[in-house]
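Colleague: The chain contents come next:
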Amino acid sequence: MSKPLKYVALLAYLVFLGFPLLWLLSTSFKTQREMATLHPRWIPHHPTLSNFTDAFSTQDLTGSALRSLVVALSVAVITVVLALPAAYALARHRSLLNRVAIGWVLVSQVFPVMLIIIPLFMILRRLDLVNTLPGLILVHVTFTLPFALWMLQGYVRGVPRELEEAAAVDGAGRLRTLVRVIAPLLTPGVIATLLFAFISSWNEFFFALVILKDPDKATLPLTLVKFTGAEQAARLGPLAAASVLATIPSLIFFAVIQRRLRSGLTAGAVKG
Amino acid sequence: MRRRLRSVAAVAAAAVIGLAAGCSGGGSSDSGKPVKLKFLSLAWQKDSLAANKRLVAEWNKENPKIQVQYVQGSWDNVNDQLVTSFEGGDPPDVIHDDSSALAGFASQGYLTDLTKLLPAGLKSDIPQAAWGTATFAGQGGGDQGIYGVPFLQESQVILANKKLLDDAGVKVPTVDAPWTWDQFQQISKKLTSGKRFGVAWALKSPVNRVLNLSLNYGGTFFQTSGGKTTVKVGPQEREVLQRIHDQLYKDKSADPSALGMGTADPLPGFYAGKYAMLPASIYMRQQVIEQAPKNFEWVTIPPLKGQTTQQGEIAQTLSVAADSKHPKEAVKFISWFLNGQHQVELAKGDWLIPTSQTAAKDPSLNTSKDGWDIATASAKSLILAPYLKVDGYDEFKTKVATPALQSYFANKISIDQLAQKLTGDGDKVLARYQH
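Chains as they are written, first to last, in UniProt numbering: chain H, 1 to 272; chain F, 1 to 435.
For reference, chain H alone in the conformation it holds in the complex (with noise of 0.2 Å):
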């Protein structure tokens, strides 16, 4: 393919992914009538703040969001710290039984929700964490852990076992080399695990809308669908200034570490 040829497919691409999203941010700021016209613009011709205001004064978007953001870092941090060990005692150690363990890791996402969803809504009553924050956390962690422990045991294994050997040669425990050796190489993956359980987390509605019961405790995907009606009917405006604020904290979080976790899905794709 020519270098033009590239760039114009590149150009196209980046257009078929930016749509929703500008999309998404041409509506915000569209007047009820002006979303309403059979031939819509891009450019809102009376651009308005209305759409805002009013989503912020039917709904607690502050309070969901700041709430979302707790869950979504706690599962992130959570996730990591408990997936690298096992990944690396994965990557390390190959058994029968590991190999039965990623095998099981990955069939346990083949589980439709609502085959699990009352056992587990269940489980939760017992333990006194239904309408928790606490109690999302758990279910989101239980859920994102899977993928991010498979994701990072190929990280681990592009680490070249030769560092370790040279660790333990020079008179460094296993932890020591785990701590001071592998973990820093081990950065791009950890950042791309945890940027997929934040957004995994962020985004997830299903099991927050079953156990999170308490306005006060809504998560913003919660507070989103609620401006929507029966029949596909929707507050469109109010709807797509909420949805605009609510890309945001993913956005910024992406820019700030997109270069780290550029380099670590090369790492994991080319070795893993």
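To be clear, the hints were calculated from the coordinates, so they are not data collected in a lab. Some clues are possibly wrong.
[To be verified] Listed next, with one range per pair, are the computed distances between beta-carbon atoms:
#, chain 1, residue 1, chain 2, residue 2, range
1, H, 8, F, 411, 56 to 62 Å
2, F, 242, H, 205, 39 to 45 Å
3, F, 182, H, 115, 50 to 56 Å
4, H, 17, F, 380, 35 to 41 Å
5, H, 4, F, 428, 55 to 61 Å
6, F, 65, H, 254, 49 to 55 Å
7, H, 86, F, 411, 57 to 63 Å
8, H, 256, F, 61, 32 to 38 Å
9, F, 242, H, 7, 53 to 59 Å
10, H, 114, F, 364, 39 to 45 Å
[Stated by the list, open to error] Subject to a maximum C-alpha distance of 25 Å in a straight line, what follows is the list of computed BS3-like cross-link-like pairs (lysine-lysine):
#, chain 1, residue 1, chain 2, residue 2
11, F, 46, H, 213
12, H, 217, F, 38
13, F, 204, F, 232
14, H, 217, F, 61
15, F, 162, F, 123
16, H, 213, F, 348
17, F, 325, H, 217
18, H, 213, F, 53
Note that the structure is a prediction, hence the values are computed from the model and not measured. For each residue, glycine too, the CB sits at the ideal point set by N, CA and C.
For chain H, the structure is supplied; the task is to place chain F on it using the hints.
Modeller: What follows is chain F alone, placed relative to chain H:
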């Protein structure tokens, strides 16, 4: 069996606790603390949300011993949320839903039978036809009971571009002398010109709408004989189906590209004059008022007449969970929340018709402004939708009727093939639900 036992135990426990609460003097629990009720509401429009929250706040101020917590849910996923809550034994006390969901919940023992708990005033204020939408067999196909209080109902009307009607010399009909389907089809043809269509049928979800309208010709689509319910597609059931199909492909007065649209999707084309008329639910008036260009004139056309103007009715309801520890207090709240005066406020918030006969007389619901007089008068056309009482209707609708009707309206199958699919495949589905 275990669930049955547990549910029976839960109902019994709830009754005992409710009785105890009742004996303790109207509201507070044994410990003297106020009773706390959770109210899952599905109001989502700005005005409706405000009305619901205001009423709950007023109740809480006036009833310190029975405090209600307002919880906003969503129509899209309420039934998934409720099933989990019911099974987990932690459902909201007061549940907002629609009557089509109640049959399944009642037969599973998830809801309280309100028959003996409802006050006489509320019972007499709501017509029997509306109560019928919330009356179902109880757990395991047991006795009939009332499992929800119906309070908001919707009818199908036609929204029309007034200027296009005037230009074509078409007079707006009255409730007493509505258009017949024949007249509607003729007028649709008259209003079709160049790139403009007389009508846009948005039939992304066609089943309930077509079944409700088919009652204009007495089309019920279901028959019960010897305790067995089967699907029927006779001449009465074919009328509305055929007429819509004719508008699409014979008269060419309906835009085929609107078929895949959701209910609100044709509105931009309606405002731009691409469609002269839009068959729609009465709540669509609100969107027209909020979105239409300032100089856009529109009118509400009363329900069409076949042999009658009858349409199937589904009502929004308030129910009490069987696992609620305070069913009496919950019913007390519902009775207050749905009194005539409050139903006016709720109906205006959602742009729907109240079931309360007191509310229906309110002047604000009978003004010609925004088509309220026609919307309120259309309530007399509403009768119990026959499919509400059919076990297995949801599966029939999703797996059989929706794809079959979509194929028919897309002109991919004939009406005979449609009838074969509905009866053949439909009967197989329903047979699995027969007791």
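Colleague: Work down the list of hints and note, for each, if the structure agrees.
Modeller: Hints, verified against the model:
1. Range check, residue 8 of chain H to residue 411 of chain F: Cβ separation about 40 Å, and the 56 to 62 Å hint is violated.
2. The supplied range of 39 to 45 Å is met by residue 242 of chain F and residue 205 of chain H, whose beta-carbon atoms lie about 42 Å from each other.
3. Between residue 182 of chain F and residue 115 of chain H the CB atoms are about 52 Å apart, so this pair conforms to the stated range of 50 to 56 Å.
4. With their beta carbons about 53 Å apart, residue 17 of chain H and residue 380 of chain F fall outside the hinted range of 35 to 41 Å.
5. In this structure the supplied range 55 to 61 Å holds for residue 4 of chain H paired with residue 428 of chain F, their Cβ-Cβ distance being about 59 Å.
6. Restraint check, residue 65 of chain F to residue 254 of chain H: a C-beta distance of roughly 51 Å satisfies the suggested window 49 to 55 Å.
7. A hinted range of 57 to 63 Å for the beta carbons of residue 86 of chain H and residue 411 of chain F is consistent with their spacing of about 58 Å.
8. Take residue 256 of chain H and residue 61 of chain F: their Cβ atoms lie about 48 Å apart, and the range 32 to 38 Å is violated.
9. For the pair residue 242 of chain F and residue 7 of chain H, the beta carbons lie near 55 Å from each other, so the given range of 53 to 59 Å is met.
10. Checking the proposed 39 to 45 Å range against residue 114 of chain H and residue 364 of chain F shows it holds: the Cβ atoms sit about 44 Å from each other.
11. For the hint linking residue 46 of chain F to residue 213 of chain H, the alpha-carbon distance of about 22 Å falls within 25 Å, and the restraint holds.
12. Restraint check for residue 217 of chain H and residue 38 of chain F: the C-alpha separation of about 14 Å stays at or below 25 Å, so the hint holds.
13. Restraint check: the Cα-Cα separation between residue 204 of chain F and residue 232 of chain F comes to about 23 Å, which is no more than 25 Å; the hinted pair holds.
14. Between the alpha carbons of residue 217 of chain H and residue 61 of chain F the distance comes to roughly 23 Å, so the proposed pair stays at or under 25 Å and holds.
15. Taking the CA atoms of residue 162 of chain F and residue 123 of chain F, the gap is near 40 Å; set against the 25 Å cutoff, the hint is violated.
16. Between residue 213 of chain H and residue 348 of chain F the CA atoms are separated by roughly 28 Å; this puts the pair beyond 25 Å, and the hint is violated.
17. A hinted pair counts as satisfied when its Cα atoms are at most 25 Å apart, and residue 325 of chain F with residue 217 of chain H qualifies at roughly 23 Å.
18. Between residue 213 of chain H and residue 53 of chain F, the direct Cα distance comes to roughly 17 Å. Compliance with the 25 Å bound is thereby established for this hinted pair.
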